[in-house]
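Model the full structure from these sequences, guided by the hints.
Single-letter residue listing:
Protein chains: 2
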Amino acid sequence: MISQNIKVAVDAVVFGYVERQLQLLLIKQKYGSEKNKWALPGGFVLDHEDLDTAVTRELKEETGITLAYLEQLYTFGAVKRDNRQRVVSIAYLGLINPKKFKLTASTDALEVGWFAIDALPPLAFDHQEIVAKGLERLQNKISYKPIGFELLNTEFPFSNIENLYQTILNKPIDRRNFRKKLMSFGILEETDKISKPESGRPAKLFRFNTKKYKALEQKGFHFEIKFA
Amino acid sequence: MISQNIKVAVDAVVFGYVERQLQLLLIKQKYGSEKNKWALPGGFVLDHEDLDTAVTRELKEETGITLAYLEQLYTFGAVKRDNRQRVVSIAYLGLINPKKFKLTASTDALEVGWFAIDALPPLAFDHQEIVAKGLERLQNKISYKPIGFELLNTEFPFSNIENLYQTILNKPIDRRNFRKKLMSFGILEETDKISKPESGRPAKLFRFNTKKYKALEQKGFHFEIKFA
Chain A
1 MISQNIKVAV DAVVFGYVER QLQLLLIKQK YGSEKNKWAL PGGFVLDHED LDTAVTRELK
61 EETGITLAYL EQLYTFGAVK RDNRQRVVSI AYLGLINPKK FKLTASTDAL EVGWFAIDAL
121 PPLAFDHQEI VAKGLERLQN KISYKPIGFE LLNTEFPFSN IENLYQTILN KPIDRRNFRK
181 KLMSFGILEE TDKISKPESG RPAKLFRFNT KKYKALEQKG FHFEIKFA
Chain B
1 MISQNIKVAV DAVVFGYVER QLQLLLIKQK YGSEKNKWAL PGGFVLDHED LDTAVTRELK
61 EETGITLAYL EQLYTFGAVK RDNRQRVVSI AYLGLINPKK FKLTASTDAL EVGWFAIDAL
121 PPLAFDHQEI VAKGLERLQN KISYKPIGFE LLNTEFPFSN IENLYQTILN KPIDRRNFRK
181 KLMSFGILEE TDKISKPESG RPAKLFRFNT KKYKALEQKG FHFEIKFA
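Just so you know, the sequences run in chain order A and B.
Just so we're aligned: 84 in the UniProt record's numbering is position 84 of the first sequence, and the numbers increase by one with no gaps anywhere.
Just so we're aligned: 61 in the UniProt record's numbering is position 61 of the second sequence, and the numbers increase by one with no gaps anywhere.
These are calculated hints, taken from the structure and not from any lab test.
Take the hints with a grain of salt, since some may be wrong.
It does not matter which identical chain is meant; a pair holds if it fits inside one copy or across any two.
[Claimed, not checked] Below are the BS3-like pairs computed for lysine-lysine, each with C-alpha atoms no more than 25 Å apart in a straight line: (1) Lys-219 / Lys-171; (2) Lys-219 / Lys-133; (3) Lys-141 / Lys-219; (4) Lys-133 / Lys-214; (5) Lys-226 / Lys-141; (6) Lys-37 / Lys-102; (7) Lys-100 / Lys-212; (8) Lys-181 / Lys-204.
Take a look at the structure:
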């Protein structure tokens, strides 16, 4: 067997959506050469655990959260991406509604917090590059998978999903076509509840029907929203 | 620094298109517990080389080929995917026109060959799963990136690109709409040459204009072919 001096780690790009902003989950590092710098949650893979188990564990340990939506993003393996020792990191993309969890920094994390994606602090290692890749994946994917709903409350006014798409894509969308298209799929249900916003008009609440979407998907249905 | 007993490898899913068949590049393993079994070309990453350098080197060593098109596919890291020792493998997807290279098995490969995708031999490790992931990526990607041309001769009759899409997608396509759409992009040029097929009618040859495509792409052009 070859002698090799490379370690294997996982990192998580976790996005949340709060107050009309796309936010990123970061921890402040407690140890190492980049101590006190903000970084993506993550760490070394243990010998006996699969990659997705490792990223789930690291997220739980360092930030206190457990994700419903997590997918493999890309693997970063440039020789000098970490100056202490060679580390290949398998990055994951996660989505969460920040209101559903209380953040708790622990183990390797001094602090944990949400940061607006357009006002990030300087990040450790090549984490800026990993975040860029995560954002690109999210921007592409919301057009062909209804993953945006992972970021919202179970029930939400229609304007929230509109704003979410505009925020993630960082451009205005044709609201009328967007609504028409999204409603035509039959996977978004009107409830009989009304929101009571602090400002603005009350609005009917909607709910994403996951069960119906899964059933449709099995029959070959493709979710797709196009933006000019 | 954590003690970890995991090795890092790369594997390549390389597709070629010959005689109206999508083919996969495989090597017969010279060593190890799965000796004499067919497998994807690949091997351990050296300490001083980046991941894409590693996969390029392994392909050259084991099969004699160098790819113009190579992208990272997915990372496979299940604990027991290799029974000798834990290996995390970063898989790559490559495309090539098999006519452009002479295959030469060397180093860890006893033999090297092309196999029709629907008649593969039993593969070592979890390579069947890696191939499935590669095929899925190729099927998705040819709809929104003109990567199919990597598989063809520089000049080809129009029916070749039609057949290529039908073969990869494994279903018939609406030939008239396909041609109209593809020609409308202005990235496919008619040459003044005529093919002289052994059977069938002579046909005008076409050429993909990579330079023009790159220029259009920079201006925000999106290649997209939809299949009902």
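Hints, verified against the model:
1. When the C-alpha separation of Lys-219 and Lys-171 is checked against a cutoff of 25 Å, the pair qualifies only between copies, where the shortest distance is 17 Å, while the shortest distance within a copy is 33 Å.
2. In this assembly of identical chains, Lys-219 and Lys-133 lie within 25 Å of each other by CA distance solely across copies; the values are 21 Å between and 31 Å within a copy.
3. Taking the shortest alpha-carbon separations for Lys-141 and Lys-219, both the intra-copy value of 20 Å and the inter-copy value of 22 Å come in at or below 25 Å.
4. Taking identical chains as interchangeable, the C-alpha atoms of Lys-133 and Lys-214 lie at most 25 Å apart only when they sit on different chains, with a minimum of 21 Å there against 27 Å within one chain.
5. Within a single copy, Lys-226 and Lys-141 get their C-alpha atoms as close as 11 Å, and across copies as close as 17 Å, so both meet the 25 Å cut-off.
6. Proximity of Lys-37 to Lys-102 under the C-alpha cut-off of 25 Å is restricted to the intra-copy arrangement: shortest distance 22 Å within a copy versus 51 Å between copies.
7. For a Cα distance limit of 25 Å, the shortest separation of Lys-100 from Lys-212 inside one copy, 23 Å, qualifies, whereas the shortest one across copies, 49 Å, does not.
8. Taking CA atoms no more than 25 Å apart as the test, Lys-181 paired with Lys-204 passes inside one copy only; the shortest distance there is 18 Å, against 42 Å between copies.
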